[in-house]
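Peer 1: Just so you know, the protein sequences line up as chains G and V, in that order.
Going by my numbering, the first sequence opens with residue 628, and the numbers climb by one from there.
Going by my numbering, the second sequence opens with residue 65, and the numbers climb by one from there.
Please keep in mind that the hints were generated in silico from the structure rather than gathered at the bench.
Hints may contain errors.
To be verified - Just the calculated beta-carbon pair ranges, DEER-fashion:
id	chain 1	residue 1	chain 2	residue 2	range
1	V	Ala98	G	Pro632	14 to 24 Å
2	G	Asn677	V	Ala78	15 to 25 Å
3	G	Asp716	V	Ala113	29 to 39 Å
4	G	Asp682	V	Arg93	21 to 31 Å
5	V	Glu87	G	Ala702	41 to 51 Å
6	V	Glu75	G	Ala743	31 to 41 Å
To be verified - The list that follows gives simulated cross-link-like pairs (lysine to any residue, SDA-like), each with its CA atoms no further than 25 Å apart:
id	chain 1	residue 1	chain 2	residue 2
7	V	Lys89	G	Asp699
8	V	Lys89	V	Ser79
9	V	Lys89	V	Glu107
10	V	Lys89	G	Arg731
11	V	Lys89	V	Thr70
12	V	Lys89	G	Pro739
13	V	Lys89	G	Ile715
14	V	Lys89	G	Arg706
15	V	Lys89	V	Val109
16	V	Lys89	G	Ser703
17	V	Lys89	G	Trp705
18	V	Lys89	G	Asn704
19	V	Lys89	G	Ala664
Glycine included, every Cβ here is placed at the ideal spot set by N, Cα and C.
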Amino acid sequence: MRRRPIYLILDTSAIRAFARASIDVGEIISEVNDESAAVGLPVLCLVEANRTAADQERLEILLRHEAATVLDVRASNWRELAAMSAGIDSLAAASAALATVDLRCFILTSEPQLYARSGLTERIIALPGPDQ
Amino acid sequence: MPENETLSFDELLASVGIHVTAEGKRQARAVLRAAEERSRSPEAVRARAALLARLRGTDPGP
Numbered sequence: 628m629r630r631r632p633i634y635l636i637l638d639t640s641a642i643r644a645f646a647r648a649s650i651d652v653g654e655i656i657s658e659v660n661d662e663s664a665a666v667g668l669p670v671l672c673l674v675e676a677n678r679t680a681a682d683q684e685r686l687e688i689l690l691r692h693e694a695a696t697v698l699d700v701r702a703s704n705w706r707e708l709a710a711m712s713a714g715i716d717s718l719a720a721a722s723a724a725l726a727t728v729d730l731r732c733f734i735l736t737s738e739p740q741l742y743a744r745s746g747l748t749e750r751i752i753a754l755p756g757p758d759q
Numbered sequence: 065m066p067e068n069e070t071l072s073f074d075e076l077l078a079s080v081g082i083h084v085t086a087e088g089k090r091q092a093r094a095v096l097r098a099a100e101e102r103s104r105s106p107e108a109v110r111a112r113a114a115l116l117a118r119l120r121g122t123d124p125g126p
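Just chain G, same shape as in the assembly:
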């Protein structure tokens, strides 16, 4: 089966919001799914969100569906990740930003201020409130 193109990256705050039944996140993922694309879940963001995620069942539903793909941190990208993390005060957020650059896609977040110095501001889609 051919892998779907990644259209949007969910950072930690967006994954948490989804796990808390955010309708805004659900509708965006649903729309991406309708366009036969997928959302990317950087593994570091997934781990971070999993610490506090309110509902594991929602995350499991997403992880089992082709509308979502978990994105690894590639060892060969460590220098780029280090450079990106110099402008972002969170390693997980830096990994989400780097995935956004690599895949030429967008990042969904309720913490847009995290990315203010990333050079990615045109590619940020901000959710309407902190963690919904």
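With the hints as your guide, set chain V onto chain G.
Peer 2: Same frame as chain G, but now just chain V:
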């Protein structure tokens, strides 16, 4: 989970309490298209080039 094979993605979301609507999806589509538009602006193209240079170590930065 065999029962999931017959459910649409929206129905799966509904099964975990996320009830998407046609109007909500229309708004989501508009948000995505607006982001695409922003990313094609000259400022966004310049920002991407500068970011790539920084990540590749070819730009010493400010």
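Peer 1: Hint by hint, note whether the structure agrees.
Peer 2: So, going through the hints one by one against the coordinates:
For Ala98 (chain V) and Pro632 (chain G), the Cβ-Cβ distance of about 19 Å falls inside the hinted range of 14 to 24 Å, so the restraint holds. Checking the proposed 15 to 25 Å range against Asn677 (chain G) and Ala78 (chain V) shows it holds: the Cβ atoms sit about 23 Å from each other. Restraint check, Asp716 (chain G) to Ala113 (chain V): a C-beta distance of roughly 24 Å breaks the suggested window 29 to 39 Å. Asp682 (chain G) and Arg93 (chain V) have their C-beta atoms about 26 Å apart, which keeps the hinted 21 to 31 Å range intact.
For the pair Glu87 (chain V) and Ala702 (chain G), the supplied restraint of 41 to 51 Å holds, since their beta-carbon distance comes to about 44 Å. Between Glu75 (chain V) and Ala743 (chain G) the beta carbon distance is about 38 Å. The supplied range of 31 to 41 Å therefore holds. Restraint check: the Cα-Cα separation between Lys89 (chain V) and Asp699 (chain G) comes to about 29 Å, which exceeds 25 Å; the hinted pair is violated. Restraint check for Lys89 (chain V) and Ser79 (chain V): satisfied, since their Cα atoms lie roughly 18 Å apart, inside the 25 Å limit.
For a cut-off of 25 Å, the pair hint linking Lys89 (chain V) to Glu107 (chain V) is broken: about 28 Å separates their Cα positions. A threshold of 25 Å between alpha carbons decides the hint, and for Lys89 (chain V) with Arg731 (chain G) the separation of about 23 Å falls inside it, so the pair holds. For a cut-off of 25 Å, the pair hint linking Lys89 (chain V) to Thr70 (chain V) stands: about 21 Å separates their Cα positions. A threshold of 25 Å between alpha carbons decides the hint, and for Lys89 (chain V) with Pro739 (chain G) the separation of about 22 Å falls inside it, so the pair holds.
This hinted pair does not check out: Lys89 (chain V) and Ile715 (chain G) have alpha carbons roughly 31 Å apart, beyond 25 Å. Restraint check for Lys89 (chain V) and Arg706 (chain G): the C-alpha separation of about 38 Å exceeds 25 Å, so the hint is violated. At most 25 Å may separate the alpha-carbon atoms for a hinted pair to count; Lys89 (chain V) and Val109 (chain V) exceed this at roughly 28 Å. Annotation: proposed proximity of Lys89 (chain V) to Ser703 (chain G) is violated, straight-line Cα distance about 37 Å (limit 25 Å).
Distance restraint check for Lys89 (chain V) and Trp705 (chain G): the Cα-Cα separation of roughly 37 Å exceeds the 25 Å cut-off, and the hinted pair is therefore not satisfied. Proximity of Lys89 (chain V) to Asn704 (chain G) is assessed by CA-CA distance (about 35 Å); at most 25 Å being required, the pair is judged violated. A C-alpha spacing of about 15 Å is found between Lys89 (chain V) and Ala664 (chain G), which places the hinted pair at or below 25 Å, so the restraint holds.
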